[in-house]
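Go ahead and model the full structure; you've got the sequences and the hints to work with.
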Amino acid sequence: MIEATALATPWQVRFRSGTHEGVADTCKDGVGGAAGLRPHELLEAALASCMTITARQALAELGAPDAEVSVRVHVDRAPSVTRFRYELILDPAHEHHRPVIMGRLATSPVRTTLSNLLVFEAV
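Per the working numbering, the sequence shown runs over residues 1 to 123.
Errors might be hidden in some of the hints.
[To be verified] Label-pair ranges, simulated between beta-carbon atoms: (1) T107 / L7: 18 to 24 angstroms; (2) V119 / R85: 21 to 27 angstroms; (3) I89 / T113: 18 to 24 angstroms; (4) M1 / E87: 28 to 34 angstroms; (5) R77 / D29: 17 to 23 angstroms.
Hint data in this document are derived by calculation from the structure and do not stem from the laboratory. Backbone N, C-alpha and C define an ideal beta-carbon position, used for all residues, glycine too.
Given below as structure tokens:
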């Protein structure tokens, strides 16, 4: 569970889960700042982080535990659809593993969660 608390600086919040914490921020109508990730960037970070972990796990299973790998994610918010675009950046020496890794990214936990029907409930 994440708890977010408004800070004194306009549009800035501190979020935490247990002992881990961070700051999110945004700028609207010239007010606010850039002290942390914007909320939509947190969504991108969650998906990119999960996909990178998934890719690293796949590479370890394929015998390449130290291969360099990263994933870039961009969320495109249109009025009728939200599109997550992602790019796998893979060590050229392990490019032959791309099809397997792409298959694993398609079923990564956060992608699976975001692909399900979303329901929002106040408690």
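**Q.** Supplied distance hint 18 to 24 angstroms, evaluated on CB atoms of T107 and L7
**A.** 37 angstroms, violated
**Request:** Using the Cβ atoms, figure out if I89 sits within 18 to 24 angstroms of T113.
**Result:** 23 angstroms, holds
Holds or violated: 21 to 27 angstroms for the Cβ distance of V119 and R85? 25 angstroms, holds
Verdict for R77, D29 (Cβ pair) under range 17 to 23 angstroms = Since R77 and D29 have Cβ atoms about 19 angstroms apart, the given range 17 to 23 angstroms holds.
Between the beta carbons of M1 and E87, is the distance compatible with 28 to 34 angstroms?
31 angstroms, holds
Going down the numbered hints, you'll see the structure goes against just number 1.
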